[in-house]
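Undergrad: Protein chains in written order, with UniProt numbering: chain A, 1 to 539; chain B, 1 to 518.
Rather than coming from a laboratory, the hints here were simulated on the basis of the structure.
Each hint should be verified, as a subset may be incorrect.
[As the list claims (entries may be wrong)] Chain B side only, calculated, beta carbon under 10 Å to chain A, not exhaustive:
id	residue
1	Gln-133
2	Gln-137
3	His-168
4	Gln-173
5	Val-497
6	Tyr-515
[As the list claims (entries may be wrong)] Restricting the straight-line Cα-Cα distance to at most 30 Å, the calculated cross-link-like pairs of lysine-lysine (DSBU-like) are:
id	chain 1	residue 1	chain 2	residue 2
7	A	Lys-101	A	Lys-134
8	B	Lys-253	A	Lys-533
9	B	Lys-147	B	Lys-477
10	A	Lys-278	B	Lys-512
11	B	Lys-253	A	Lys-198
12	B	Lys-213	B	Lys-113
13	B	Lys-257	B	Lys-400
14	A	Lys-458	A	Lys-498
15	B	Lys-43	B	Lys-104
16	B	Lys-253	B	Lys-382
17	B	Lys-400	B	Lys-382
18	A	Lys-360	A	Lys-316
19	B	Lys-59	B	Lys-113
20	B	Lys-400	B	Lys-292
21	B	Lys-512	A	Lys-274
22	A	Lys-62	A	Lys-125
23	B	Lys-477	A	Lys-533
24	B	Lys-512	A	Lys-234
25	A	Lys-403	A	Lys-392
26	A	Lys-274	A	Lys-392
27	A	Lys-533	B	Lys-382
28	A	Lys-198	B	Lys-512
29	A	Lys-198	A	Lys-234
30	A	Lys-134	A	Lys-533
31	A	Lys-168	A	Lys-234
32	A	Lys-533	B	Lys-177
33	B	Lys-371	B	Lys-339
The structure displayed is predicted, hence computed values, not measured ones.
Backbone N, C-alpha and C define an ideal beta-carbon position, used for all residues, glycine too.
Listed here are the chains, written in short residue letters.
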Amino acid sequence: MNIMFAVSSGRYTRANFILPLLIIIQLGLHTVEGVWPLPQAFTSSTERYPLNPQAFYFGYGKQSAAQQGCSVLDTAFKRYFSLIFPDYSSANGVLRFSVDKPFLVEVSVDQDDCESYPQEDSSEKYNLSVCEGKASLKAETVWGAVRGLETFSQMVYQDDFGSYFVNKTEIEDFPRFQFRGILLDTSRHYLPVQAILKTLDAMAYSKFNVFHWHIVDDPSFPYQSSTFPDLSSKGAFHPMTHIYTQSDVRRVISYARLQGIRVLPEFDSPGHTKSWGKGQSDLLTPCYRGSTPSGTFGPVNPVLPSTYQFMEKLFKEVSSVFPDSYIHLGGDEVNFSCWKSNPDVRAFMQKMGFGADFTKLEAFYIENIVNITSALNKTSIVWQDVFDYHEKIPEDTVLHIWKGLPEVYQTELSRITKAGKRVLLAAPWYINHISYGQDWRNYYTVQPQNFSGTEEQKKLVIGGEVCMWGEYVDATNLNPRLWPRASAAAERLWSDEKQTSSVDSAFPRLQDFRCKLVRRGIQAEPLYVGHCKHEYQGV
Amino acid sequence: KKSRHSTLNHLSFEGVWPLPQAFTSSTERYPLNPQAFYFGYGKQSAAQQGCSVLDTAFKRYFSLIFPDYSSVDQWAFVDKPFLVEVSVDQDDCESYPQEDSSEKYNLSVCEGKASLKAETVWGAVRGLETFSQMVYQDDFGSYFVNKTEIEDFPRFQFRGILLDTSRHYLPVQAILKTLDAMAYSKFNVFHWHIVDDPSFPYQSSTFPDLSSKGAFHPMTHIYTQSDVRRVISYARLQGIRVLPEFDSPGHTKSWGKGQSDLLTPCYRGSTPSGTFGPVNPVLPSTYQFMEKLFKEVSSVFPDSYIHLGGDEVNFSCWKSNPDVRAFMQKMGFGADFTKLEAFYIENIVNITSALNKTSIVWQDVFDYHEKIPEDTVLHIWKGLPEVYQTELSRITKAGKRVLLAAPWYINHISYGQDWRNYYTVQPQNFSGTEEQKKLVIGGEVCMWGEYVDATNLNPRLWPRASAAAERLWSDEKQTSSVDSAFPRLQDFRCKLVRRGIQAEPLYVGHCKHEYQGV
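Pulled out of the complex, with its shape left as it was, chain A reads as follows:
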């Protein structure tokens, strides 16, 4: 078919799609406009094809490197069938006396990466061509195919009689940024595994591809380490009910993999480690009042060799448990007062020639930790604080920007990329900070590459991350706080900035997408007055 040819030949250029975009706006949301985040390039028409769930099939193209038995795609077919036909099981009454022509979604991928994990450089590009009786979905990887299935599922709509349709469409799509993450904080509040899995579902709907698991912090240590079981048995809120077992962690990773989502673990140190101290004695620095220990503890003790031996063992375990090639090492908000109070730390400072500059001690610590993870073949991500006091971090370390208003983080983007380091932007998407009204507009209008710097510098922005810190969030309110506000950031990170520059045109599309989320059982809160055809029924 000529469409197949057109797609596989890769001759579609961006210019071809700009005119059709303007036409589509008149068609309402039953077209590609209804897809969130907006695909990079598409044409669509009013020609529509009825879909009958009893004559609807997924299949593998003959040339596809992946064939039946491909875990990622086989499960995706099953998953998306239910998402495409949400009332199928309950609609036995919809008897089809005239069985429509069958419709086939034929998926072809270039690589058989069915049993692998998505990586930072995994292609998520896909081409989708919908015509009579058939949709052809072509991608380099299974991860791209999964993104394309998501797009297809959002294009299917029901008329007032409940019949399903999809419009004739051509899509060529790929993400703007390779890293599109969501951070969940399971230390300030424990999130049941089920809540994490539900978040992974919803992430896939918005094409997020990294789950940044801020798994431990000051308040609790829910990760059950096989090497150091005391960390959770003494550091979790409860040693049995408020932990993530190895099996829980594997379940999260494997569930995420099937959605094309990487799991990036964070074990933040040397600060934010209060809970670690409960199960690992001598790890934290004893604080002093005058010449005697006060009984309280500060950051990880950077002067003891035992600290680095412990960290090496812990990160060795973490490296083998989490398959992603990145580990987040934290490194933020280290309070120096306890280190200053401790005579052993002060003696060490003197011995090392650090003078009174505790940032040098912090740098010394982080350098050691980064070396540990480098030796384990993992790339490090650290919060921006590490850059602010340290220049010797390895070239490939990613700096994670979390501080300040636009002027502040734009300056930081300039500075860090000028030093040739890759950056990840989180500052504008601290979504745990709630306010009254449509704050999603702020998340939507972020311009991650709008800072002073060369084109090369701009390319060092690998993506962005929505952070849901847990001070006031647990499984009771996580979903309505995340969705659809995080979806605003998702479009910024996936779609072309010029095509999505108007927050007002995004509004009805996001409202429509939010209703899709609700229909899929996600407790996505409303953006403003109005209604969804199918309201949330899970009360």
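Knowing the structure of chain A, use the given hints to seat chain B on it.
TA: Just chain B now, with coordinates in the frame of chain A:
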């Protein structure tokens, strides 16, 4: 009775939210075995078995007291039986709670028995709630209750929650769940802001077009008569009044879709612009329509109060309309449109008075009108403390009763522990006589619906609304410290979560049983 503070922390009455008025407690505790636990009626009780309110309350509270009973059959050895014996003075089992219904109760827990005495079944229901919150489990899952004496009654007679089902439709199930949670915090009025500009979900039997044309969807986004009856009857069993609001003359855009000639046609120059403003106050047909509508509403909703709204009337459309201007002239109102508004409201209040209903109106009505009937309640919704305190003074000085909502616009969210603001409100702290203070009949938590529907209603309401609940029920002096309230509210929030209410966390921490409904 003097209250005596104890050192028992959350295991005793301190764990009861809102805090009872007077109590004594001890470390003496009694084991409770679900297989030897009974509710019963006292011999002298005016209500006996067959009392709908108490029979259903017994069943409901058994599950709340023993949340894991059905899933556990480990209670092999039978302890001594424990009886909760309820006695009430009045047989009001089949009635509806009223504004002046007593909610007072005395609860005495001793070995093998708890005696719960109340004037009304509504008081008994409040006492059962208290008892249910006093029962706790030890680390092995065994249930206990401590020896306790409680004498309790509400500080204010009106403790309400407003839900807005016009800006977003709330499925009936979401309303019922809210009623459950209201009872846990001893709220007693569900203010149902049922219609407004965006949609008219109330299916009127007299004017079916109002919802068939004015609802978001004529079938899926409406409240049928049967839905409304279900809400009222469910609320009744929890001792909760249902106060309907049909706000006019403003906030009525959706009414116009199903009732032609009801809204004022706005003019651009000398021609109608095609848009509509508030209810048209100059046509006799308007009042005929309202009389029929309120006649229906009066019979559907048993409460003796109706909320008539009356807020935020924009005069620009009235001003543009030549018929309205002619009427103004005829009536001698000059250019003062507040007089026209007053004229309209007076007519509506007279309609509901004739139907034997007392009116509640938003404070706007007081601000422009002095002739409203003595028994009308003014509902204060505007401003910061200085502003609403002045309004409290002014309105009570005029001898009118007031209901305070301004500090509890809970739909306004912000980052952090805003429940502290809801807790520290002092509803009677305004300049006025003791008599004036008594005219404050209570308060109301308002959850306006611009950004709220069934997806986020529960975590936004709870436990933030519970902070207001304690302010409205408990003694102000005993609950003056927001810091002492904090751990108690955290504990109560975990109880709500355990009962399946999606109550959000107040700060870092955990509950023994986290929310599992994801």
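Undergrad: Hint by hint, say whether it matches the structure.
TA: Evaluation of the provided hints:
1. Gln-133: violated, 19 Å
2. Gln-137: violated, 14 Å
3. His-168: holds, 6 Å
4. Gln-173: Holds, because the Cβ-Cβ distance from Gln-173/B to chain A comes to roughly 5 Å (cut-off 10 Å).
5. Val-497: holds, 6 Å
6. Tyr-515: Since chain A brings a Cβ to about 5 Å from Tyr-515/B, closer than 10 Å, the hint holds.
7. Lys-101/A to Lys-134/A: holds, 10 Å
8. Lys-253/B to Lys-533/A: Measuring from Cα to Cα gives roughly 21 Å; hence the hint holds.
9. Lys-147/B to Lys-477/B: Holds. Lys-147/B to Lys-477/B sits at ~25 Å (cutoff 30 Å).
10. Lys-278/A to Lys-512/B: Distance of about 20 Å is within 30 Å: holds.
11. Lys-253/B to Lys-198/A: violated, 39 Å
12. Lys-213/B to Lys-113/B: Distance ~57 Å between Lys-213/B and Lys-113/B Cα, so the pair is violated.
13. Lys-257/B to Lys-400/B: violated, 36 Å
14. Lys-458/A to Lys-498/A: The hint holds at about 16 Å.
15. Lys-43/B to Lys-104/B: holds, 20 Å
16. Lys-253/B to Lys-382/B: holds, 23 Å
17. Lys-400/B to Lys-382/B: holds, 17 Å
18. Lys-360/A to Lys-316/A: Cα-Cα ~26 Å, so holds.
19. Lys-59/B to Lys-113/B: Since the Cα atoms of Lys-59/B and Lys-113/B sit roughly 18 Å apart, the hinted pair holds (cutoff 30 Å).
20. Lys-400/B to Lys-292/B: Holds, at about 28 Å.
21. Lys-512/B to Lys-274/A: Since the Cα atoms of Lys-512/B and Lys-274/A sit roughly 21 Å apart, the hinted pair holds (cutoff 30 Å).
22. Lys-62/A to Lys-125/A: Holds, at roughly 20 Å.
23. Lys-477/B to Lys-533/A: Distance of about 49 Å is beyond 30 Å: violated.
24. Lys-512/B to Lys-234/A: holds, 16 Å
25. Lys-403/A to Lys-392/A: Roughly 22 Å between the alpha carbons, so the hint for Lys-403/A and Lys-392/A holds.
26. Lys-274/A to Lys-392/A: holds, 27 Å
27. Lys-533/A to Lys-382/B: Violated - the C-alpha atoms of Lys-382/B and Lys-533/A are around 34 Å apart, more than 30 Å.
28. Lys-198/A to Lys-512/B: Holds - the C-alpha atoms of Lys-512/B and Lys-198/A are around 22 Å apart, at most 30 Å.
29. Lys-198/A to Lys-234/A: Since the Cα atoms of Lys-198/A and Lys-234/A sit roughly 28 Å apart, the hinted pair holds (cutoff 30 Å).
30. Lys-134/A to Lys-533/A: holds, 28 Å
31. Lys-168/A to Lys-234/A: Violated. Lys-168/A to Lys-234/A sits at ~59 Å, over the 30 Å cutoff.
32. Lys-533/A to Lys-177/B: holds, 22 Å
33. Lys-371/B to Lys-339/B: holds, 11 Å
Hints 1, 2, 11, 12, 13, 23, 27, 31, counting from the list given before, are not met by this structure.
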